[in-house]
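Listed here are the chains, written in short residue letters.
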Amino acid sequence: MSEKSLKDYLDELPKSIVEQIDQVSSKMKLNEKQKEQLTKEVIKEYFKSAFQPGEAIGIISAQSISEPATQMTMRTYHFAASAGIQVTLGLPRLIEIFDARKEPTTPAMTIYLKQKYNTKEKAEEFAKSIKEKKVKYFAKSVSIDLTNKKIKIELDKIKKSELTEVIEKLTKQLKDFKVKELTNAISIEANQNMSIKDLEKWKRKILSFYVSGIQNIKNTAIIKEGENWVIKTLGSNLEKIFQLEEVDTTKSYSNNIHEVASILGIEAARTILIKEIIDTLKQQGLNVDERHITLVADIMTLTGEIRAVGRYGVAGTQSSVLARAGFEETIKHLVKASVRNEVDDFEGIFDNVMINQQVPVGTGMFELISKIGEE
Amino acid sequence: MTDVFFDGKYFGSVKDPVKLVNSIREKRRKGQLSDQINASYLEHFDIVMISTDSGRARRPLIVVENGKPKLTKEHLNMLESGKIKWSDLISQGIIEYLDATEEENALIALKPEDLTQKHTHLELDPTIIMGVATSLVPFAEFNRGDRVNFGAKMIGQAIGMYSINFPVRVDTKSNIMIYPQVPIVKTHMNDIINDQDHPGGHNVVIAMMPFLGYNMEDAVVINKSSIERGLFWSYMFRSYEAEEKRYLGGQEDIIGIPEPGIRGYAGEDAYKHLPEDGIVNPETKLKKEDVIIGKSSPLRFLGSLDQFTTGLENIRETSVRLKHGTEGIVDRVFITESFEGNKLVKVVVRDLKIPELGDKFASRHGQKGVLGLIINQEELPFTEDGITPDIIFNPHGIPSRMTIGQILEILSSKVGALTGKRITSSAFHPFDEKTIRETLKKYGFDDDGKEFMYDSRNGQKLINKILIGEIYYQKLDHLVSNKMYSRSKGPVTLLTKQPTEGKSKMGGLRLGEMEKDCLIAHGASLLLKERFDSDKIMISICKDCGIEAINDRVKNKKFCPMCGGSKTVDIDMSYAFKLLLDELKSMAIYPKIIVDEDLGIIDKMVFGILTPEMIKKISASKISKTELYDQEGYPVEGGLMDPRLGVIDPGLRCRTCGGTVGDCKGHFGYLELTKPVIHVNYAKLIYNILRFTCRKCNKVLISPDDVAKFKEGKKSMKRLKTFIKSTCPYCKEKQGKIKYIKPTTYQEDSEILTAVQVRERLEKIPDSELEYFGLRKMRPENLVLTLLPVPPVTVRPSITLETGERSEDDLTHKLVDIVRINKRLRENIELGAPDFIIQDLWELLQYHVATYMNNEITGVPPARHRSGRVLKTLAQRLKTKEGRFRSNLIGKRVNFSARTVVSPDPFLDINEVGVPLSVATELTLPVVVNEKNIEKIRQMIERYPEWPTINYVNRPDGRRKKVTELNKADIAKEIEPGYIVEKQIENGDWAVFNRQPSLHRMSMMGHKVRVMPYNTFRLNLSVAPPYNADFDGDEMNLHIPQTKEAQVETKMLTEVSTQFRSPRFSSVIIGAINDHITGLYILTTKMKFSRKDTVSIVKACDPEIQVPDKKEFTGKEIFSLFLPKDFDFEYSKGDLKVVIENGQLVEGIIDENGLGAFKGKLLDEIERRYGGEFTRKLLFNMTKLSLEVLMRYGFTTSISDYDIDEKIVKQINDLLENAKKEINDMIKDFKKGKIKEIVGRTKRETFETLVKIKLADLLNQITTLVAKNIKENSIYIMAKSGARGSLVNMVQCIACLGQETIRGERIRIGYYKRTLPHFEKGDMSLESRGFVRHGYKNGLTPFEFFFDAMNSREGLMDKSLKTRHSGYLERRLIGALKDLKVEYDGTVRDASKKIVQFIAAEDGLDPSRIQKGGIDVGKIAERLFG
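Going line by line, the protein sequences match chains A and B.
Numbering-wise (our numbering), the first sequence opens with residue 1 and increments by one.
Numbering-wise (our numbering), the second sequence opens with residue 1 and increments by one.
Because the hints were derived from the structure by calculation, they are not lab data.
Warning: the hint list may mix true and false statements.
[Unchecked claim] Straight-line C-alpha distance at most 25 Å; calculated DSS-like pairs for lysine-lysine:
| id | chain 1 | residue 1 | chain 2 | residue 2 |
| --- | --- | --- | --- | --- |
| 1 | A | Lys232 | B | Lys1252 |
| 2 | A | Lys27 | B | Lys1394 |
| 3 | A | Lys134 | B | Lys715 |
| 4 | A | Lys140 | B | Lys1159 |
| 5 | A | Lys33 | B | Lys1419 |
| 6 | B | Lys734 | A | Lys282 |
| 7 | B | Lys777 | A | Lys282 |
| 8 | A | Lys336 | B | Lys718 |
| 9 | B | Lys503 | B | Lys881 |
| 10 | B | Lys714 | A | Lys102 |
| 11 | A | Lys332 | B | Lys739 |
| 12 | A | Lys282 | B | Lys1133 |
| 13 | B | Lys1051 | A | Lys48 |
| 14 | B | Lys1236 | A | Lys218 |
| 15 | B | Lys1362 | A | Lys102 |
| 16 | A | Lys224 | B | Lys1254 |
| 17 | B | Lys1394 | B | Lys1412 |
| 18 | A | Lys332 | B | Lys742 |
| 19 | A | Lys332 | B | Lys1159 |
| 20 | B | Lys718 | A | Lys128 |
| 21 | A | Lys336 | B | Lys1051 |
| 22 | B | Lys1243 | A | Lys133 |
| 23 | B | Lys118 | A | Lys15 |
| 24 | B | Lys1133 | A | Lys332 |
| 25 | A | Lys336 | B | Lys1099 |
| 26 | B | Lys1236 | A | Lys120 |
| 27 | B | Lys1086 | A | Lys140 |
| 28 | B | Lys1362 | A | Lys336 |
| 29 | A | Lys159 | A | Lys218 |
| 30 | B | Lys1088 | B | Lys1099 |
| 31 | A | Lys336 | B | Lys1254 |
| 32 | A | Lys133 | B | Lys1236 |
| 33 | A | Lys218 | B | Lys1243 |
| 34 | B | Lys1412 | A | Lys27 |
| 35 | B | Lys1243 | A | Lys232 |
| 36 | A | Lys140 | B | Lys1243 |
| 37 | B | Lys1236 | A | Lys332 |
| 38 | B | Lys1243 | A | Lys336 |
| 39 | B | Lys1231 | B | Lys1252 |
| 40 | A | Lys336 | B | Lys1394 |
In this text, all values refer to a predicted model and were calculated from it rather than measured experimentally.
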């Protein structure tokens, strides 16, 4: 094999394998000829193991993911010993990921800190500081004065600066109320005409007013991961977190795929998607080849935005009218197709199955080009 | 003040609730108030509840006062002597019934010893926590909760003597066991329910050992001689009845031999065994579909004149026949009178059911299994006393299910048999292990019931002792003979022309969506096409109009009804699709088919809307009459069953095309609607058009400046709305406000727009404006219907009932309504009726047309049938799982399929499937007769009916003839080359084998047929894992591909050897399981054999292997004999290292990680190196080897395997005690509030977490203790080798179960602040929160048992919930990914050729062709240069 053709062959191999060949060659100190021999052998092996054209890779991936899903647990186990943040796991989480919900049931972030903040004390301090604090957090007691239509909140452990901020915010938000600052307390006077029921409602609203920390971060926990102190949070707010000085933005992430997509872009979302699926499966002790998962992630992120696996996502936007009608919302798709003069070109699988024509996968992918003439 | 509720209603309030409640109770106990009253004070709600109503669950308890139970010994004595009765105890207030609410106020003691001053009641007996059925399980507290549940369920399915008067009963179906026995080991409940009068099983001698693999995965082996002695024989009775019904007009049915000449007369032969009265005689043998009662009935049409004529042609044969697929002997005949005074005949047919392969058996411990082998007594192992077992049960069934109760039953039955006494072992009053073991010893047996046994094949003693004893076994009402089923070709449904459903109707099996996915995953497109051919038809399509052409058989030409042209193309398609096209047309959707003329296939399909002109053109008749049939019962011309609309009755010809049923595919008709009607499906669209266009100039209300802006972005209605002006930018007309009232009414400024007005407006909209709405190539006015397409009768066939009455399709019913109202509306208009009447009728017409299109419109009451059933109209026919799409198009019932129970056969090759002879005689393959095979085929025909023969012969002219014994000689002579015969399947033919749910492509694999006796499909155990099959009654489907292409695909793409590697995880999925693994483990650990034994073992597995000349062989050496000589391999897993050099196992033990399915590293490597075919052979031989070894080894399990040293028991107890103490301290701390919260949790959560950590730690300690001290016994071997069970199972049996949880938490639910009324409120202790400190071997206490049952139940519910969710997930994933495939350029693209991945799977490697992780370059380099 000449130098050139070897290179040609190498072009056909995926990068990762070429790299492996180089690595092994240098490690075993192979000469050029041996390297060539090795490459040939690898190429032989590669083509033996490569996908064959026509392989219904989509269905195989779908089956490979859903088959083990039958073995997953429905309930979300809470591990006795783990003091960390408890997130949804098992089948519900998997379904949630494929559904591409705007907000996961348990949004969570994993925050890595920059090197100089990577100590236990600093991490703890940071964890404390980002936790969302609401008025409720500072309130010692709340009382409603029904005769004067007043809500009085006794405050505790609040700093002076925070207090003024709270007052400011409350005044801004509560236009119909008079907000007064007392010593370590706030008094909010409502309109005299307000009903008691509404007053109760307002009380709850006021208590859940955001004061400090980072919004949506309900809870934090610190875990040592190898060398690093990692902060796990319940609740997610990547945008705000990434603005903080301490955060290592190259590593930190959220399990909210939509959030990741809007802040870091679709490629990052795809990576998180793959990671979340793999983690969920692994946690259940299930063994699924990564190749299947990347395929699902690819189809979900193909258009540049996240599409769910389901009637409003990938399955609902496929080109074949018949396949769409056969999936879900039959009538809707037929009606739409009929007024829009849509065309089903029978390039898909299900549409061909329906008329019982040869499906264009596997052995059905090729056709005879020339007709044998009659003699 | 406390509110008082009486029977759930507010009654008043009271100051001292406790006093009120107490006084009620006092009076109740004194008998001053009814004993049915319950009163309780619920402090957490601060209310008093007094209940007297019915339907409350109540239970009896002994009243306790001052810590003393009121029930005394005296009472018991009096009860026993009959001086007092139960009711006396109640009236005296000694025992009272509490309902669930009153239990809130009680504190109940379980045993008299536990009583304290605080207790208010005492439990009668802990056994009453179980119901009648569950109480029948002996040693229940020694089994895991779910097994007790299964056991109780299966007792109900057992065939026994369900009633003693069965000879005079006429049940539709019943089973009677012939020699039932009462169990040696019983419970109290057996006595209470008088079980001795209706027992349901046999006491059998059971040996706990593997038997050559025939009892793997729950199958059982039964002694043939035992069966011949009458073991598990039963009769199945089925009753048939016929009534001489009288009809209006004096006609009546006649029971008797039908006269020749009547409709449906089956020939003299069919009635030959009927005596004169037409009712079979008792003791007549019946087969196939023999006539039981001869009967003929008058034909009847609604309103027909026929009723006055009595000609033979007006009488139909309606004889009662034996159910399809059954046989039997007439047992009893009853002739009596029905309620109306008609003659009523009931015939009971009996069928003797002798146990056969595939029948289902079960013990009372939830251990069910199918009969896997019936073997001669001479071939069974025997004990020193010469006893052979009746049943051989596999020890691998025990460890993972933890049914210690089953072992205890075996042992105590043995004690019972030895002592001659029946043994009672109710829950919580067990016949204790100590007594069992001591008694066995006393009688000279081992205390664990094990005995030496001898292998009868060579007379050698098995190396180890085997557990042998007795056990009560049941035959369950799941007999193969009732389940086995096959169909080649057969009846089809009228509507879809697809095979019918159900065994009794000769239906085909369903190749559903998931099965179709599997075939696609294999890439077997022609196999799929062949399978889905079950409703294949040929249709002519007009090349221009894309619409079905009429094939005029009279003029013998094809022409398009739309354009009249004769350029048509013939296309093959499934009938259901043609039906779909008609259904679409009925909804006014125009599915235009564009054909590829060269290939004769459909190229494209364009969707559009049918215009009134089109409807008129494609119609064969105008519908105007409301009647369907005339007085003679013939369809009325111009009616909805117009003969020009097609034919559905055999013998008639279509008036349009002259075709008969089958030839004529039906023709449309049309109905001229008196007034136009809105098409509901498009109502929303019409609304949008109306409100967005000008009412005067009919342009879209968008200013010219905005047009470009709108066209830039997404063209959604929502977005368009933002551009809409309220005055027309063109003609400045002020627009009215259009309101849409669902479903079909529009209002403009509170004035209703009629459909005529709507249509007018739509007509005026210029074509150019339509694109705003996304409309293309259609006119919106066509969405307001003026003509209604009337679908052909083939789309809505009517069925003739047994009585001769016609039952019309739902669509016809709906159409009749439409025609009727339409007519009435016209008449009223013509008569000049008042406006409101016309308006009402118009609305009614609108309603009918709307519900005809879609009967599930929100806000509209659905149209109903006379019986109140909601009608299934057009939209409903297509929608959902049962709709056309999912039920008939992407999954359908198929021909040449069979289904039956599966059973194991270790001596069948891995790629074979054992097919019952009766299935093989039904299923056929087409064979074209040629010069070379004609002789062979002649012989086959002459051999009829002996397998393998020919079932049908097809002449080249299309005539089909069944081969019978009478005509076989003639047919054999007649055939010549060109004939196609239907040959019964033979050994070596290809079949696709399938088990549902078909979750991955390995759920459908190609097997070679091997025809065998009995009624089960048999499969090698190594393919059980990919199918996820076991042998506890599973059924599987078999398909016989008919075309050569499909057969080749079956062999090349789906055959078992090609499927070794799972695409999911890149490792083998076919491999060794249970017995195989244990056997290999034992063989490669410690076995040694003499040369003689070695030769006999090896030759039994593979006669080609040469055994070297050597005196003694180690297990490793024997194992190595099977390995290829050039095989070098090394792997390690944990601390186990396996080294193979030059085909010799040098080091290590072969376990799950060697040859096991899923994990087998050795198998993985061999598959990669030598390919699937080789691996298959090797695995087949090795599994045989391991089974042979295991047989000689004497593998068993008994109670002694769960013994552990006394010292360890003490250590475990100490651990438990310590943990309990610590937790009690924690509770004290918690109650004092001394607990420190974990970040983000409440104190209680923190406490619970700490307890959980503590308990997890405790269980870990116990586990290590047990692991360290367990002997190397069989359960240990099974767990260690990975064959069955785990360390957790062992600990749970031997030591302690640990904490039971519900939703991951300690058990909390139940009563207010406590789990059970036996604990004090606020009790947080371990025992009250579901901690189980006993293991199954020691038996659970009542509380523990209850909590264990709760946990088990949660598990069962979880399982059923999960399957639903994951099933839907699967469907969605398939829906999203189905079109992705690898193209020739290596990219992954979807159906529209969009690239999804540039290199498939990023590195182009197929996970089902690589070892885990991909290509290891280092390994290759080592091989080359290392």
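Open item on the list: To test your reading of the hints: which numbers does this structure violate?
Closed with: Going through the list in order, the structure violates hints 2, 3, 4, 6, 7, 17, 19, 20, 21, 23, 24, 25, 27, 28, 31, 37, 38 and respects the others.
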